[in-house]
Amino acid sequence: MAGDRTPKIVGTVWGLLVLNTLGSAGAKTIVPLPRSLIQMVTMGALVAAFTLALTVNLKLRIRASAYVSLLTLLLVTSVISSANLESGFGALFRCARLALFVGTLWLLSRWWDGSTTFVRHHIRMYFAVLGLVAAGLIISPGAALPDLYGGRLVGALWPLTPPQIGQYAAVIIGLTVLLLLGRRTDRTGAAVVIVPSLVLLALTHTRTATLGLVIGLTLAIGSLILTSAAARRFFTWAVVCATVAAVGFASVLQAWFLRGQSKENFSSLTGRAKVWDALLAEPRSTGETLFGMGLGDKSFGGLPIDNSWLAVYQEQGLIGVCLVAAVIIVLGGIALLRPPSLERACAIFLISYCALASYTEAGLGDASPYLLHLALAASLLAAPAANAARPDAAAAPPATDAPDATPEVPRRRVPQWARRTELS
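Residue numbers (our numbering): -1 to 422.
Calculated directly from the structure, the hints in this document are not laboratory data.
Keep in mind that this is a model prediction, so the values were computed, not measured.
Yeah, the Cβ is synthetic: ideal placement off N, Cα and C, and Gly gets one too.
A portion of the hints provided could be inaccurate.
Claimed, not checked - Simulated restraints on C-beta separations:
| # | residue 1 | residue 2 | range |
| --- | --- | --- | --- |
| 1 | 323 | 244 | 30 to 40 Å |
| 2 | 23 | 247 | 28 to 38 Å |
| 3 | 282 | 236 | 43 to 53 Å |
| 4 | 196 | 60 | 17 to 27 Å |
| 5 | 5 | 133 | 23 to 33 Å |
| 6 | 23 | 287 | 45 to 55 Å |
| 7 | 88 | 26 | 22 to 32 Å |
| 8 | 71 | 234 | 18 to 28 Å |
When you get a sec, could you build the whole thing from the sequences and use the hints?
Written out as C-alpha coordinates, the structure is:
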(Lines of atoms letter the chains of each structure in order from A and count residues from 1; the text may use other names and numbers.)
(Lines give C-alpha, C1' and ligand atoms only; values in the text may rest on other atoms or scores of the structure.)
Protein backbone atom coordinates (compact mmCIF):
# COMPACT_ATOMS: atom_id res chain seq x y z
CA MET A 1 0.00 0.00 0.00
CA ALA A 2 1.17 3.51 -0.76
CA GLY A 3 0.29 4.67 2.75
CA ASP A 4 2.87 2.21 4.17
CA ARG A 5 5.66 4.17 2.47
CA THR A 6 4.68 7.42 4.16
CA PRO A 7 7.52 8.49 6.49
CA LYS A 8 6.69 8.37 10.19
CA ILE A 9 7.74 11.99 10.54
CA VAL A 10 4.70 12.96 8.45
CA GLY A 11 2.48 11.80 11.32
CA THR A 12 4.46 14.04 13.65
CA VAL A 13 3.90 17.00 11.33
CA TRP A 14 0.17 16.32 11.28
CA GLY A 15 0.11 16.16 15.07
CA LEU A 16 1.89 19.51 15.29
CA LEU A 17 -0.74 21.05 13.00
CA VAL A 18 -3.43 19.73 15.35
CA LEU A 19 -1.59 21.30 18.30
CA ASN A 20 -1.37 24.64 16.51
CA THR A 21 -5.11 24.75 15.85
CA LEU A 22 -6.10 24.10 19.47
CA GLY A 23 -6.09 27.85 20.08
CA SER A 24 -5.01 29.91 23.05
CA ALA A 25 -8.32 31.09 24.52
CA GLY A 26 -10.70 29.04 26.62
CA ALA A 27 -11.65 28.11 30.15
CA LYS A 28 -9.57 28.71 33.27
CA THR A 29 -7.16 25.86 33.89
CA ILE A 30 -6.16 24.24 37.17
CA VAL A 31 -2.66 25.68 36.81
CA PRO A 32 -3.02 29.15 35.26
CA LEU A 33 -1.27 29.28 31.89
CA PRO A 34 -0.35 32.71 30.50
CA ARG A 35 -1.87 33.26 27.09
CA SER A 36 1.52 34.35 25.76
CA LEU A 37 2.96 30.98 26.76
CA ILE A 38 0.12 29.09 25.05
CA GLN A 39 0.55 31.17 21.90
CA MET A 40 4.28 30.48 21.98
CA VAL A 41 3.58 26.72 22.14
CA THR A 42 0.98 26.73 19.38
CA MET A 43 2.99 28.95 17.04
CA GLY A 44 6.14 27.00 17.81
CA ALA A 45 4.26 23.84 16.83
CA LEU A 46 3.36 25.38 13.48
CA VAL A 47 6.92 26.51 12.78
CA ALA A 48 8.19 23.05 13.75
CA ALA A 49 5.57 21.41 11.51
CA PHE A 50 6.63 23.49 8.50
CA THR A 51 10.32 22.87 9.19
CA LEU A 52 9.88 19.10 9.53
CA ALA A 53 7.69 18.95 6.43
CA LEU A 54 10.34 20.86 4.50
CA THR A 55 13.06 18.56 5.83
CA VAL A 56 11.26 15.42 4.72
CA ASN A 57 10.35 16.99 1.34
CA LEU A 58 13.51 18.89 0.41
CA LYS A 59 12.90 18.45 -3.30
CA LEU A 60 9.55 20.28 -2.89
CA ARG A 61 7.56 17.55 -4.60
CA ILE A 62 3.87 18.35 -4.31
CA ARG A 63 0.65 17.05 -5.80
CA ALA A 64 -1.94 19.16 -7.55
CA SER A 65 -4.73 19.92 -5.07
CA ALA A 66 -7.78 22.04 -5.77
CA TYR A 67 -8.33 22.38 -2.02
CA VAL A 68 -4.90 23.78 -1.18
CA SER A 69 -5.00 25.95 -4.32
CA LEU A 70 -8.22 27.57 -3.08
CA LEU A 71 -6.66 28.06 0.36
CA THR A 72 -3.73 29.78 -1.33
CA LEU A 73 -6.13 32.18 -3.06
CA LEU A 74 -7.83 32.76 0.31
CA LEU A 75 -4.41 33.59 1.76
CA VAL A 76 -3.81 36.16 -0.99
CA THR A 77 -7.20 37.72 -0.25
CA SER A 78 -6.37 37.80 3.46
CA VAL A 79 -3.08 39.59 2.81
CA ILE A 80 -4.82 42.19 0.62
CA SER A 81 -7.52 42.83 3.24
CA SER A 82 -5.00 42.98 6.10
CA ALA A 83 -2.51 45.26 4.36
CA ASN A 84 -4.43 48.43 5.33
CA LEU A 85 -4.00 47.46 9.02
CA GLU A 86 -7.64 48.20 9.94
CA SER A 87 -7.41 45.20 12.27
CA GLY A 88 -3.93 46.18 13.48
CA PHE A 89 -0.59 44.42 13.10
CA GLY A 90 -2.18 41.28 14.49
CA ALA A 91 -3.83 40.78 11.10
CA LEU A 92 -0.43 40.45 9.41
CA PHE A 93 0.68 38.01 12.12
CA ARG A 94 -2.41 35.89 11.40
CA CYS A 95 -1.64 36.06 7.69
CA ALA A 96 1.86 34.72 8.38
CA ARG A 97 0.34 31.91 10.44
CA LEU A 98 -2.07 31.04 7.63
CA ALA A 99 0.82 31.11 5.14
CA LEU A 100 2.81 28.59 7.20
CA PHE A 101 -0.30 26.44 7.59
CA VAL A 102 -1.03 26.39 3.85
CA GLY A 103 2.66 25.88 3.02
CA THR A 104 2.80 22.85 5.30
CA LEU A 105 -0.26 21.36 3.60
CA TRP A 106 1.43 21.84 0.21
CA LEU A 107 4.48 19.97 1.45
CA LEU A 108 2.35 17.15 2.85
CA SER A 109 0.29 16.84 -0.33
CA ARG A 110 3.07 14.65 -1.75
CA TRP A 111 1.72 11.79 0.41
CA TRP A 112 -1.99 12.37 -0.25
CA ASP A 113 -2.84 9.16 -2.08
CA GLY A 114 -6.44 8.40 -1.15
CA SER A 115 -5.51 6.04 1.70
CA THR A 116 -6.57 6.18 5.35
CA THR A 117 -3.05 6.93 6.60
CA PHE A 118 -3.87 10.50 7.65
CA VAL A 119 -7.20 9.38 9.16
CA ARG A 120 -5.29 7.34 11.72
CA HIS A 121 -2.97 10.28 12.49
CA HIS A 122 -6.07 12.46 12.93
CA ILE A 123 -7.78 10.06 15.32
CA ARG A 124 -4.65 9.43 17.41
CA MET A 125 -3.87 13.10 17.93
CA TYR A 126 -7.39 14.21 18.81
CA PHE A 127 -7.85 11.19 21.07
CA ALA A 128 -4.71 12.31 22.91
CA VAL A 129 -6.28 15.78 23.31
CA LEU A 130 -9.45 14.19 24.70
CA GLY A 131 -7.28 12.14 27.05
CA LEU A 132 -5.91 15.41 28.42
CA VAL A 133 -9.48 16.65 28.91
CA ALA A 134 -10.44 13.43 30.71
CA ALA A 135 -7.38 13.72 32.96
CA GLY A 136 -8.45 17.23 33.93
CA LEU A 137 -11.95 15.96 34.72
CA ILE A 138 -10.54 13.27 37.01
CA ILE A 139 -8.06 15.58 38.76
CA SER A 140 -10.47 18.47 39.32
CA PRO A 141 -14.14 17.89 38.43
CA GLY A 142 -15.04 21.37 39.65
CA ALA A 143 -12.60 23.07 37.31
CA ALA A 144 -13.62 20.81 34.39
CA LEU A 145 -17.37 21.44 34.91
CA PRO A 146 -17.45 25.12 35.97
CA ASP A 147 -20.62 27.10 36.66
CA LEU A 148 -19.36 29.78 34.28
CA TYR A 149 -20.13 27.41 31.39
CA GLY A 150 -23.33 26.07 32.92
CA GLY A 151 -21.69 22.87 34.13
CA ARG A 152 -20.49 21.94 30.64
CA LEU A 153 -17.17 20.14 30.22
CA VAL A 154 -14.12 22.33 29.53
CA GLY A 155 -10.39 21.76 29.41
CA ALA A 156 -8.98 21.97 32.93
CA LEU A 157 -5.35 21.28 31.96
CA TRP A 158 -5.33 23.06 28.58
CA PRO A 159 -7.85 25.87 27.89
CA LEU A 160 -10.50 24.26 25.69
CA THR A 161 -14.13 25.33 25.40
CA PRO A 162 -17.11 22.90 25.30
CA PRO A 163 -17.66 23.39 21.53
CA GLN A 164 -14.00 22.52 20.87
CA ILE A 165 -14.13 19.34 22.93
CA GLY A 166 -17.45 18.38 21.37
CA GLN A 167 -16.04 18.90 17.89
CA TYR A 168 -12.96 16.74 18.51
CA ALA A 169 -15.05 13.97 20.09
CA ALA A 170 -17.65 13.95 17.31
CA VAL A 171 -15.05 13.84 14.52
CA ILE A 172 -13.05 10.92 15.91
CA ILE A 173 -16.23 9.01 16.82
CA GLY A 174 -17.48 9.32 13.24
CA LEU A 175 -14.16 8.36 11.67
CA THR A 176 -13.69 5.39 14.01
CA VAL A 177 -17.20 4.08 13.28
CA LEU A 178 -16.47 4.22 9.56
CA LEU A 179 -13.12 2.45 10.00
CA LEU A 180 -14.93 -0.27 11.96
CA LEU A 181 -17.54 -0.68 9.22
CA GLY A 182 -14.76 -0.89 6.63
CA ARG A 183 -12.96 -3.52 8.74
CA ARG A 184 -9.88 -1.33 9.05
CA THR A 185 -9.92 -1.68 12.84
CA ASP A 186 -11.19 -4.23 15.35
CA ARG A 187 -14.10 -3.84 17.76
CA THR A 188 -11.92 -3.56 20.85
CA GLY A 189 -9.81 -0.77 19.41
CA ALA A 190 -12.92 1.03 18.17
CA ALA A 191 -14.63 0.76 21.56
CA VAL A 192 -11.58 2.22 23.31
CA VAL A 193 -11.98 5.36 21.18
CA ILE A 194 -15.76 5.58 20.78
CA VAL A 195 -17.05 4.94 24.32
CA PRO A 196 -15.01 7.56 26.26
CA SER A 197 -15.43 10.05 23.42
CA LEU A 198 -19.21 9.65 23.58
CA VAL A 199 -19.11 10.29 27.34
CA LEU A 200 -17.08 13.48 26.86
CA LEU A 201 -19.37 14.62 24.03
CA ALA A 202 -22.40 14.16 26.28
CA LEU A 203 -20.74 16.17 29.07
CA THR A 204 -20.08 19.11 26.73
CA HIS A 205 -23.80 19.47 25.86
CA THR A 206 -22.70 20.63 22.40
CA ARG A 207 -25.67 20.56 20.02
CA THR A 208 -23.70 21.46 16.90
CA ALA A 209 -21.23 18.62 17.35
CA THR A 210 -23.99 16.12 18.13
CA LEU A 211 -26.06 17.06 15.09
CA GLY A 212 -22.94 17.13 12.92
CA LEU A 213 -22.03 13.63 14.08
CA VAL A 214 -25.52 12.22 13.43
CA ILE A 215 -26.06 13.90 10.06
CA GLY A 216 -22.50 13.33 8.88
CA LEU A 217 -22.58 9.64 9.77
CA THR A 218 -25.99 9.25 8.14
CA LEU A 219 -24.70 10.65 4.85
CA ALA A 220 -21.42 8.72 5.04
CA ILE A 221 -23.04 5.37 5.84
CA GLY A 222 -25.72 6.07 3.24
CA SER A 223 -22.96 6.24 0.63
CA LEU A 224 -21.91 2.69 1.62
CA ILE A 225 -25.32 1.03 1.88
CA LEU A 226 -25.35 -0.34 -1.67
CA THR A 227 -21.91 -1.91 -1.40
CA SER A 228 -21.48 -2.84 2.28
CA ALA A 229 -23.57 -5.34 4.25
CA ALA A 230 -21.99 -4.08 7.49
CA ALA A 231 -23.14 -0.54 6.68
CA ARG A 232 -26.69 -1.79 6.04
CA ARG A 233 -26.78 -3.65 9.36
CA PHE A 234 -25.36 -0.69 11.27
CA PHE A 235 -27.84 1.70 9.65
CA THR A 236 -30.77 -0.58 10.51
CA TRP A 237 -29.73 -0.95 14.16
CA ALA A 238 -29.05 2.79 14.42
CA VAL A 239 -32.56 3.61 13.20
CA VAL A 240 -34.09 1.12 15.67
CA CYS A 241 -32.05 2.46 18.60
CA ALA A 242 -32.80 6.08 17.67
CA THR A 243 -36.52 5.34 17.52
CA VAL A 244 -36.50 3.63 20.91
CA ALA A 245 -34.47 6.47 22.45
CA ALA A 246 -36.77 9.12 20.97
CA VAL A 247 -39.84 7.40 22.43
CA GLY A 248 -38.48 6.27 25.79
CA PHE A 249 -36.15 9.14 26.64
CA ALA A 250 -37.81 12.09 24.91
CA SER A 251 -37.91 14.30 28.01
CA VAL A 252 -34.29 13.57 28.94
CA LEU A 253 -33.09 14.27 25.40
CA GLN A 254 -35.09 17.50 25.26
CA ALA A 255 -33.64 18.71 28.55
CA TRP A 256 -30.10 17.88 27.38
CA PHE A 257 -30.70 19.65 24.09
CA LEU A 258 -32.18 22.82 25.58
CA ARG A 259 -29.50 23.05 28.34
CA GLY A 260 -31.96 24.90 30.58
CA GLN A 261 -32.34 27.80 28.12
CA SER A 262 -35.55 29.70 27.51
CA LYS A 263 -37.32 29.38 24.16
CA GLU A 264 -36.39 32.97 23.31
CA ASN A 265 -32.71 32.35 24.01
CA PHE A 266 -32.82 29.10 22.07
CA SER A 267 -34.54 30.68 19.04
CA SER A 268 -31.86 33.41 18.90
CA LEU A 269 -29.15 30.70 18.95
CA THR A 270 -27.88 31.78 22.38
CA GLY A 271 -27.67 35.42 21.33
CA ARG A 272 -25.75 34.76 18.11
CA ALA A 273 -28.52 36.18 15.91
CA LYS A 274 -28.19 39.63 17.52
CA VAL A 275 -24.48 39.77 16.68
CA TRP A 276 -25.16 38.58 13.13
CA ASP A 277 -27.81 41.26 12.56
CA ALA A 278 -25.51 43.99 13.85
CA LEU A 279 -22.65 42.76 11.65
CA LEU A 280 -24.78 42.74 8.51
CA ALA A 281 -26.15 46.21 9.29
CA GLU A 282 -22.65 47.73 9.62
CA PRO A 283 -21.98 50.21 6.77
CA ARG A 284 -19.00 49.26 4.57
CA SER A 285 -17.09 50.69 1.64
CA THR A 286 -16.82 48.81 -1.64
CA GLY A 287 -13.31 47.63 -0.78
CA GLU A 288 -14.39 46.43 2.65
CA THR A 289 -17.36 44.62 1.12
CA LEU A 290 -15.16 42.81 -1.40
CA PHE A 291 -12.03 42.15 0.69
CA GLY A 292 -13.17 42.57 4.30
CA MET A 293 -11.43 44.19 7.25
CA GLY A 294 -8.46 41.82 7.55
CA LEU A 295 -7.88 38.75 9.69
CA GLY A 296 -9.00 39.26 13.28
CA ASP A 297 -10.18 37.30 16.29
CA LYS A 298 -13.54 36.33 14.71
CA SER A 299 -15.49 38.82 16.82
CA PHE A 300 -17.68 41.86 16.18
CA GLY A 301 -18.25 44.57 18.78
CA GLY A 302 -16.37 42.49 21.32
CA LEU A 303 -18.69 39.48 20.88
CA PRO A 304 -17.84 36.26 19.05
CA ILE A 305 -19.38 35.95 15.59
CA ASP A 306 -19.79 32.16 15.79
CA ASN A 307 -20.59 31.77 12.11
CA SER A 308 -17.93 30.87 9.56
CA TRP A 309 -19.62 32.61 6.65
CA LEU A 310 -20.18 35.89 8.47
CA ALA A 311 -16.71 35.75 10.01
CA VAL A 312 -15.20 35.33 6.55
CA TYR A 313 -17.40 38.15 5.23
CA GLN A 314 -16.19 40.39 8.06
CA GLU A 315 -12.50 39.59 7.57
CA GLN A 316 -12.10 38.56 3.89
CA GLY A 317 -15.20 40.03 2.27
CA LEU A 318 -17.39 38.59 -0.45
CA ILE A 319 -14.35 37.24 -2.30
CA GLY A 320 -13.42 35.21 0.75
CA VAL A 321 -16.98 33.92 1.08
CA CYS A 322 -16.91 32.79 -2.57
CA LEU A 323 -13.59 30.99 -2.06
CA VAL A 324 -14.80 29.18 1.06
CA ALA A 325 -18.00 28.19 -0.75
CA ALA A 326 -15.86 26.90 -3.63
CA VAL A 327 -13.91 24.74 -1.17
CA ILE A 328 -17.08 23.03 0.09
CA ILE A 329 -18.58 22.70 -3.41
CA VAL A 330 -15.40 21.33 -5.00
CA LEU A 331 -14.71 18.79 -2.27
CA GLY A 332 -18.36 17.76 -2.17
CA GLY A 333 -18.50 17.43 -5.95
CA ILE A 334 -15.36 15.30 -6.08
CA ALA A 335 -16.75 13.07 -3.32
CA LEU A 336 -19.98 12.53 -5.25
CA LEU A 337 -18.06 11.59 -8.39
CA ARG A 338 -15.90 8.98 -6.64
CA PRO A 339 -17.06 5.33 -6.57
CA PRO A 340 -18.33 4.04 -3.21
CA SER A 341 -15.49 3.28 -0.79
CA LEU A 342 -14.51 3.70 2.84
CA GLU A 343 -12.24 6.64 1.96
CA ARG A 344 -15.07 8.39 0.14
CA ALA A 345 -17.40 7.81 3.11
CA CYS A 346 -14.86 9.34 5.53
CA ALA A 347 -14.51 12.37 3.25
CA ILE A 348 -18.30 12.79 3.02
CA PHE A 349 -18.54 12.67 6.81
CA LEU A 350 -15.87 15.36 7.25
CA ILE A 351 -17.25 17.66 4.54
CA SER A 352 -20.84 17.42 5.78
CA TYR A 353 -19.75 17.92 9.40
CA CYS A 354 -17.76 21.07 8.58
CA ALA A 355 -20.56 22.44 6.37
CA LEU A 356 -23.14 21.99 9.12
CA ALA A 357 -20.88 23.32 11.90
CA SER A 358 -20.07 26.42 9.83
CA TYR A 359 -23.49 27.84 10.73
CA THR A 360 -22.72 28.19 14.44
CA GLU A 361 -18.91 27.95 14.54
CA ALA A 362 -16.21 30.15 12.99
CA GLY A 363 -13.01 28.82 11.45
CA LEU A 364 -13.31 28.20 7.71
CA GLY A 365 -11.41 31.36 6.83
CA ASP A 366 -8.28 30.89 8.96
CA ALA A 367 -5.97 28.14 10.24
CA SER A 368 -8.32 26.02 12.33
CA PRO A 369 -9.40 22.44 13.05
CA TYR A 370 -12.09 22.81 10.38
CA LEU A 371 -9.53 23.52 7.65
CA LEU A 372 -7.55 20.54 8.94
CA HIS A 373 -10.65 18.31 8.75
CA LEU A 374 -11.18 19.44 5.16
CA ALA A 375 -7.51 18.84 4.38
CA LEU A 376 -8.00 15.28 5.60
CA ALA A 377 -11.01 14.98 3.29
CA ALA A 378 -8.89 16.25 0.39
CA SER A 379 -6.22 13.63 1.13
CA LEU A 380 -8.90 10.91 1.08
CA LEU A 381 -10.26 12.10 -2.27
CA ALA A 382 -6.84 12.31 -3.95
CA ALA A 383 -6.40 9.81 -6.74
CA PRO A 384 -3.71 7.18 -6.05
CA ALA A 385 -0.51 8.13 -7.84
CA ALA A 386 0.79 5.78 -10.52
CA ASN A 387 4.04 3.98 -9.75
CA ALA A 388 5.80 5.87 -12.51
CA ALA A 389 4.76 9.20 -11.09
CA ARG A 390 5.30 8.34 -7.44
CA PRO A 391 8.62 9.84 -6.27
CA ASP A 392 9.37 7.15 -3.71
CA ALA A 393 8.16 4.12 -5.62
CA ALA A 394 10.57 1.49 -6.83
CA ALA A 395 10.88 0.94 -10.53
CA ALA A 396 8.52 -1.77 -11.70
CA PRO A 397 10.03 -4.73 -13.52
CA PRO A 398 9.58 -4.58 -17.31
CA ALA A 399 6.66 -6.57 -18.62
CA THR A 400 7.29 -9.40 -21.02
CA ASP A 401 6.03 -9.15 -24.59
CA ALA A 402 4.11 -12.40 -24.32
CA PRO A 403 3.25 -13.10 -20.68
CA ASP A 404 1.08 -16.08 -21.52
CA ALA A 405 3.58 -17.74 -23.84
CA THR A 406 4.91 -21.17 -22.89
CA PRO A 407 8.50 -20.84 -21.66
CA GLU A 408 11.11 -22.30 -23.94
CA VAL A 409 12.27 -25.79 -22.93
CA PRO A 410 16.07 -26.03 -22.81
CA ARG A 411 17.52 -28.41 -25.43
CA ARG A 412 18.84 -31.65 -24.05
CA ARG A 413 22.50 -32.52 -24.86
CA VAL A 414 22.83 -35.81 -26.79
CA PRO A 415 26.03 -37.84 -26.10
CA GLN A 416 28.34 -38.58 -29.08
CA TRP A 417 28.00 -42.39 -28.77
CA ALA A 418 24.21 -42.00 -29.05
CA ARG A 419 24.61 -39.99 -32.23
CA ARG A 420 26.75 -42.75 -33.83
CA THR A 421 24.19 -45.38 -32.89
CA GLU A 422 21.43 -43.30 -34.35
CA LEU A 423 23.32 -42.79 -37.64
CA SER A 424 24.13 -46.48 -38.01
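Now for the hints, and whether the structure bears them out:
1. 323 <-> 244: 30 to 40 Å: For residue 244 against residue 323, whose Cβ atoms are near 34 Å apart, the range 30 to 40 Å holds.
2. 23 <-> 247: 28 to 38 Å: Holds - the Cβ-Cβ distance for residue 23 and residue 247, about 35 Å, lies within 28 to 38 Å.
3. 282 <-> 236: 43 to 53 Å: Between residue 282 and residue 236, where Cβ atoms are some 46 Å apart, the hint holds.
4. 196 <-> 60: 17 to 27 Å: violated (38 Å)
5. 5 <-> 133: 23 to 33 Å: Hint holds: Cβ distance 30 Å, inside 23 to 33 Å.
6. 23 <-> 287: 45 to 55 Å: violated (28 Å)
7. 88 <-> 26: 22 to 32 Å: About 23 Å separates the Cβ atoms of residue 88 and residue 26, which means 22 to 32 Å holds.
8. 71 <-> 234: 18 to 28 Å: Violated, since residue 71 and residue 234 (Cβ atoms, about 44 Å apart) do not stay within the stated range.
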